[in-house]
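First to last, the sequence lines map onto chains A and B.
Position in the first sequence counted from 1, then plus 773, gives you the numbering used here.
Position in the second sequence counted from 1, then plus 248, gives you the numbering used here.
Hints were generated in silico from the structure; no laboratory data involved.
Please read these numbers as outputs of a predicted model, since none were measured by experiment.
Here a beta-carbon is modelled for each residue, glycine too, at the ideal position from N, C-alpha and C.
Any given hint might turn out to be false.
Said to hold, decoys possible - With the C-beta cut set under 7 Å, the calculated list includes, among others, these residues of chain A facing chain B: (1) Leu813; (2) Ser816; (3) Thr846; (4) Ala850; (5) Ala1046.
What the hints assert, rightly or not - If you want the footprint, here are the derived chain A segments under chain B, 3+ residues with CB under 8 Å: (6) 857-864; (7) 984-996.
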Amino acid sequence: MNSILSLAQASENARSFDTLLLVLVLFSLAIVTLVGTLVLVFSIRYRKGSKVTRHRVPRLLSHQIEWGWTSATVFVALFFFWGAASIMVRQLDPPPDAMEIHVEAKQWMWKARHPNGTREINALHVPMGQPVKLYLDSQDVIHSFFVPAFRLKQDVVPGRTATTWFTATEPGTYHLFCAEFCGTSHSQMTGEIVVMEPEDFSAWLANRPEGDTLVAEGRKLFTTAGCSGCHAEGSDVHAPDLNGVAGRRVALADGRVVTADDAYLRDSILLPARDVVAGYAPIMPDFGGILETGEVTALVAYLRSLGTQEGETP
Amino acid sequence: MTDIAALPEPHPATPRPTRSYLGAGSDLRSWLLTTDHKRIAILYALTLTLFFFIGGAAATLIRIELITPAGDLVSADSYNKLFTLHGVIMVWFFLVPAIPTTFGNFILPMAVGASDVAFPRLNLLSWYLTVAGGLLALVSLLVGGVDTGWTFYTPYSTLYSNSYVTLAAAGVFVAGFGTIATGVNMIVTVHVLRARGMRWMRLPLFVWSIYATSIIMVLATPALAVALLMIVVDRLFGLSLFDPDQGGDPIIFQHVFWFYSHPAVYIMILPGMGVVTEIITCFARRRVFGYEAMVFAILGIAIFSFFVWGHHMFVSGQSAWASLVFSILSFVVAVPSAIKVFNWSATLYGGHITFEASMLYALGFLGLFTLGGLTGLFLASIPIDVHVHDTYFVVAHFHYIMVGAMVTAFFGGLHFWWPKVTGRHYSEPWARLAAILMFVGFNFTFFPQFILGYLGMPRRYHSYPPEFQIWHVLSSAGAVILALAYLVPLVYLTLSLRYGRRAGDNPWHASGLEWATTSPPPRDNFVIPPTVDTDPYAYHAAHEEPSERDESGGDHQSSRKDEMP
Ligand SMILES: [Cu+2]
Ligand SMILES: [Cu+2]
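When you get a sec, could you build the whole thing from the sequences and use the hints?
If you want it as structure tokens, here you go:
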């Protein structure tokens, strides 16, 4: 756990983070020592009245010095960029076997839903060693999902689903903070991340009441909200078939071709007039004022599950 | 080709003008309607001092609240309003205008050998705009406060905050025009009012830094105006620019806001760099090391500052490639800053260094700026930023640059030019004591915050888990010293106005043109318009070793032999 000087290192990212941090700290120490020594030595040696001889710096030499440290700093800057960027690029995509958890942020709490529908508030239990991919939505303002022990932070912006991922490596209980200022009780918008041994996690999960999974909720909504009236196979309305829509390349009426990612699916539901599919009339109603954020998330999850059934995503 | 190193010839037969700029009247009218750049500078200085202490009072309350983990001194809402007040006042009503409107106004025209700025009346208007904006902001804070943070992030500020956002945004909006007007004034002054012989490459680096700052002010502040205007119309007319349910995008605001606010960081620090160069050269009796490199570094910083705003948004969900581009540019912008640090250090080489209070401030600046800049490299590294973004690490980082470096430079300049502005000396021992206290108090306050940030303490938290307490207590203890250090100069500087020794025209034997006139200067600065035939910082011939300061009297060093190239 945390002590007053050290922070638990509880995810794979935390290790590479701490290495990079250490390198930067040592480099900074070296520079501070260098500048500090120069200033101190010059201040003492060349203080007024000291008898040392002052040599002037010839013009040519001073140019060489100038170029010397300029190119040295450029080199160092690029070197650090390369180091940091390569760590970042490595961590960009979650492994394909990641477990998917949906998190919803709202003033001022975190709600999580496991793949089997188990729900938690201001807490998240995860198994150790298992990559976890988070889908994050906000119902109101911008929040930020911050787990210091994982060196993980992701803003949760209303209107778009953010994703991030981690693999926990140390069992324990860690802080979850909201890092983006979100109003009165921003500092109360905290929770616990509980990392468990896989067996413990399965036992824990088995003891929790199962809720509807997100996909199941989406499937229900697809009928109750009236989507199936147009999109179901036997419908008379001319509307696109949504089987395997996720990840598909879609040609739009205005000539653009886009990939049907989460944001596109979401926009299709909330702002259908923005991206009209080529070959269809813009008759799909605008569900913006009708569905809640959580319901849209469920519908998108359901549509995505249709995609995976088809084995569509390349 | 300009290897000549003669100092500006003192005009032997200069008739001493009878009246200084202060003699033009002392009633309120003579001040409020003045177009004298020096008096306007004083008006600004008084206004900014007031704002500085208001912002400082808010900071004090924040630091007291944070001594205990529970939020027990003020309510959560009041706490949110306090840090918003602190940020808004300090950024827009102290840091941004601090040096350009005070020393920029007072010293720059003299440093280029002009009798006033290019547009004296516009200059006065700038002050009124700043005051009007400041009053609007203060009113919004008095009637109920604002709780969005100085960053006004949407959609919180547009759809959710029930505080006086519109009024505060309007205040900053109005003050922004004051900033733009000041920028225009400085740019034109440098372009058209330079004395004869004052070529671009003879301009003191202080002038260069204000010039570059002014360009940023003129180009970037409109973006701020746009950002604020969008918030105001969104709140008043429900435009839903940032409401995702209506097709708006909350992130657009961040782009526009940081497109201004990152360059604004350099609006705040560049002038400080200029001031410090004047001081270090003067008290080391040395030409600045690498004058050209310094000029290019200043311009480079000004240009690059416009292309790094996305480093504030690494975790906002912007595309990975955008983040990589902003990351590399942020690393690159560190290079000119590093060059400046090395050049200042090298300027000390072979000098005849004395340690007056202003020099202590300048050396303090050097240390704090180095630390602030180095921690900037941490933040430019994406993986590190992901962890420390929106934590106390960032808080510490920008306070090192803006308070550690910039406010220290401000105090350095204040002590350096005080004899010129007032004609009096302050108490040197007290001034040195304050400089040291400020350095110690500052590090004591803000260094623990780096550790807090690494440990994961988020910023803008009214209450926090108990394991962070020890670092908060240390930080608050340091803040006591820092607060004290800021109050001490208020006392001895005020006393010096009445009891201070007469300073004479050039007490530090400095080389700038502003020292070639009387202290305090006459209304038109120079009795005979000066001409320039030397490089800046001609404390010694370019081809000679530096020599000691000649204390035997006379305004300038003697025994310089000129040599034609
Ligand atoms: Cu929050
Ligand atoms: Cu920035």
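Results for each hint:
Interface hint status for A/Leu813: violated, as the beta-carbon distance to the closest one in chain B is roughly 10 Å, over 7 Å. A hinted interface residue such as A/Ser816 counts as satisfied when its beta carbon comes closer than 7 Å to some beta carbon of chain B; here the least separation is about 6 Å, so the hint holds. Annotation: A/Thr846 was flagged as interfacial toward chain B, and the flag holds, the nearest CB pair being 4 Å apart, inside 7 Å. The criterion of a C-beta within 7 Å of any C-beta in chain B is met by A/Ala850, whose closest approach is roughly 4 Å, and the hint holds.
The restraint placing A/Ala1046 at the interface with chain B is violated, with a minimum CB-CB distance near 9 Å, outside the 7 Å limit. Evaluation of the coverage hint for the region 857-864 of chain A: fulfilled, as 6 residues show C-beta separations to chain B shorter than 8 Å, against a requirement of three. Against chain B, the region 984-996 of chain A contributes 0 residues with a C-beta closer than 8 Å to a partner C-beta. That does not satisfy the three-residue criterion, and the hint is violated.
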